[in-house]
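Listed below are the residues making up each chain.
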Amino acid sequence: MSAALDYTNAESAWEDATTAAALLAIDPPGVGGVCLRSLPGPVRERWVQIARELLPAGTPWRRIPINISDSRLLGGLDLTATLRSGRPVVERGVLAEVDGGVAVLAMAERIAPATAGKLGAVLDNGEVRLERDGLADRMTSRFGVIALDEGAEEDERPVGPLRDRLGCHLDLNGIPVHVAGGCEYTAEDVAAARQRLDQVQCSDELAEALCAGGLALGIGSLRAPLQALRAARAAAALDGRSEVSQEDVALATRLILVPRATRIPEMQQPEEEEPPEEEQQQEQQEPEEPPPPPEEEPEPPEEEEGSDEEQADDDEQEEQAPAEIPAELVLEAARAVLPDNLLQQMKIRELAQRNRSQTPGRAGALQQGGGRGRPAGVRPGSPGAGVRLNVVETLRTAAPWQPLRREHDQSGRRVIVRPEDFRVTRFKQRSQTTTIFAVDASGSSAMHRLSEAKGAVELLLAECYVRRDEVALVAFRGRGGEVLLPPTRSLTRAKKGLAGLPGGGGTPLAAGIDTARQLTEEVRRKGATPVLILLTDGRANVTREGVGGREKAQEEANQAARAVRVMGIRALVVDPSPRPRPMGRELAEAMGADYLPLPRADASSISSAVQAVTGTGR
Amino acid sequence: MAPAFPFSAIAGQDEMKLAMTIAAVDGSIGGVLVFGDRGTGKSTVVRALAGLLPSIRAVADCPYHCNPEHEDTLCDHCREQTQAGKRLNVREISVPVVDLPLGVTEDRVVGALDLEQALTRGEKAFEPGLLARANRGFLYIDEVNLLEDHIVDLLLDVAASGENVVEREGLSVRHPAKFVLIGSGNPEEGELRPQLLDRFGLSVEVSTPEELHTRMQVVRRRDEYESDPKAFVQKWADQDAEVRQRIERGREKLPHVEVTDEILERTSTLCIALGTDGLRGELTLIRAARAAAALEEADRVEVKHLRQVAGVALRHRLRRDPLDESGSTTRVQRAVEEHLPA
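Chains A and B supply the protein sequences, listed in that same order. Residue numbering for the first sequence follows this note's numbering, starting at 1 and increasing by one per position. Residue numbering for the second sequence follows this note's numbering, starting at 1001 and increasing by one per position.
If you're looking for bench data, these hints aren't it; they were derived computationally from the structure. A hint or two may mislead.
[Said to hold, decoys possible] If you want the footprint, here are the derived chain B segments under chain A, 3+ residues with CB under 8 Å:
(1) 1030 to 1039
(2) 1103 to 1116
(3) 1139 to 1149
(4) 1174 to 1188
(5) 1212 to 1224
Note that the coordinates shown come from a computational prediction; the quantities given were computed from them, not determined experimentally. Just so you know, even glycine gets a beta-carbon here, dropped at the ideal spot from N, CA and C.
Bound-form chain A, shown alone (with noise of 0.2 Å):
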């Protein structure tokens, strides 16, 4: 969850936000780093300051860009160094450099998982292991990290696996630059911090608070609760006390484990609990049955302080006897800065959030997948526009010809490299394939339809797994269209994202293919070549704004498919309708499809012609 936590006021919002830094300079690698939600701007920029001059001088403090290379983010040859002393140096990573300081990750939201990987072995190693160019070494390093996610959407964050080692999630959008001032700690302050946080104990009572609010908020994951503890430490050492308060943990709670819920255990009116999909969702499925509506009509939220505390308790005692009290500690806390509205918001995201927010972000994986290709060997060559010079190889290619050109040079230069030693390396690009299903799930025959394009995608999936290609669905009904599925490979996950899947309503299909068209867009820019299956009769009966009006709709829905063809891509509309009109033609035509009449459609039929028409099976 990143929505933004509705505080009374953005002055405590940014009160938070700058303990939130001072605890990060107590113990950055304990609290593990900030994950801040912002786009660029003053405040921004105020908070970064804040974070830096709180640490003590001469901390590292280093900027990770975006387009980082491996051998400056874990370390490499030294080529410099190497040439002039005739023997390989290892030249130290950004990461090894910031050891004991921090690293601030700029555009977050677009590193490719790939680099997340590798930032998140050497936080949980605490040290850099580097096996590259001919080096081995190990450099201790335990930092923390701020993440700078510019993210505007909601899939837009950084990766999954990131975004869990980093303690503390911030989102400083909404808050006005006048209220951006100061921080009422200073450097002075975690410094006498720094010295204190060793004595600091925390009671088994608190710690426990800590982790069952963590489970009743629904956080699978470990590394919360026990970031939560160390930043309740830190929050106590900050005060001067050597023993973790109520109030520590409280802290704790509205920096890490609120951001991070899944679910709000109580205060849950009945309407609100009603679609019970989305319940059996949760992250661990499995064993935990959501914990069944209390028994008494939960009273509305607008209670007073006391029965509100007690209505939340027997809540707790029928989720997990033995923890009612300290998780309401826990619960407590989180619920000032719950909203009410945010209890909606948190129940219509979390199906769309669900399959997202493990997405890489956009431009991350773009990066990733660019055309660099797979490597497939060295050549020799020179460097030049988009051809990288294998420094390694040109020194193994040079090595043995030094004593003899040593002989015949005056120079007195350690290492003697000719332009025949140049290797580069070869990069081998293998154009990938993503299937985007966008499938009309309104109204009418919207279940069946449905069903069968889910079976089809997964029939479609376990075929492009073996190939290594995506598939990804997009769904509308009632008033647009959503992506539903990214593009994706992983059957896990696509099974997950579709269990859920929603229908009935209108047939906003101007938007629907919109939003198909965006996803097309998108995977183009990643490099790899989309594939669109249009999964509808052509009826559209909902223009762009949402409103219903059959004329604008289907004239708009024509449009949309213009816009299609325009860009050239493979098409495919399928219609499942049992007596197909003449519309599912016509938009085929306008978007420069293939139509495909499938009066009785199931899935292996849509999966085998989809292989056919578009030629990716075989």
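Please arrange chain B on chain A, whose structure you already have, making use of the hints.
Leaving out everything else, chain B in the frame of chain A:
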């Protein structure tokens, strides 16, 4: 560098721990794959295992730590030495556990021309890579599903043949590279190629513990460890020593554990019922059950041992049926209840 988190201090995750100890008892089992949620201690278990492994006898100064007792597995250099009638220097080493970090380059995996010697002395020498270091030990790949394809290809070949053949930069070297492959990852970040999946003998699915008590233990212990790693490791030293002894005894017991025809037959029945591909599933199941029996110091494999390991040995070998909603774990469980009732 801080010492690894102690194995016995890991709360819960029994299946994962069992699979690791089985792999430690019988290296021929073919490795362990650990797949599951984030923050469940996947890599902690593997790193902890390193601290538990008993020591082995190896040729001193041999980069591949050859086993002096097995002449046919010696590397070329050691073999020349023995054939020339020289005695090999032997010393005790701990079983190597080698990390294959993400971002590793090919030359470090297979080995390459030694750059230092080449640059300074102009000599052509082979610098062994990670595969050499992992010989007779464990090779651990965290986030195995994020590993680049060309590195995966290298591993597949070597894991199958037990030998690393290097042909590059004018070098022509071959050396033994037999190791237990351990991989971990999160399936939501991408699945594993079937070929690689198949190389793993056992597969473990981990999920975060749901029980408050276990979660408390995990957080408390981890917190204690991070505050003072050395003291924490000291505190758990005795329990870790116990596990180590259990593994050592299991290793000794292993060749003497009997597998009756009845057990073989029941294994086959189970595998046929599940429709596992090929014989590898059956073989792994038997081996894993034998190791489980050895860990208990039992004289023969019994049905309970089969039941104990059926999940880890078989779940990744079922043919994929994308329309079957129930996961492979449930399918194995169902078949076990049917064909191997307790």
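Hints, verified against the model:
{"no.": "1", "hint": "1030 to 1039", "in the structure": "holds (count 3)"}
{"no.": "2", "hint": "1103 to 1116", "in the structure": "holds (count 12)"}
{"no.": "3", "hint": "1139 to 1149", "in the structure": "holds (count 5)"}
{"no.": "4", "hint": "1174 to 1188", "in the structure": "holds (count 3)"}
{"no.": "5", "hint": "1212 to 1224", "in the structure": "holds (count 9)"}
In summary, the structure agrees with every hint in the numbered list given earlier.
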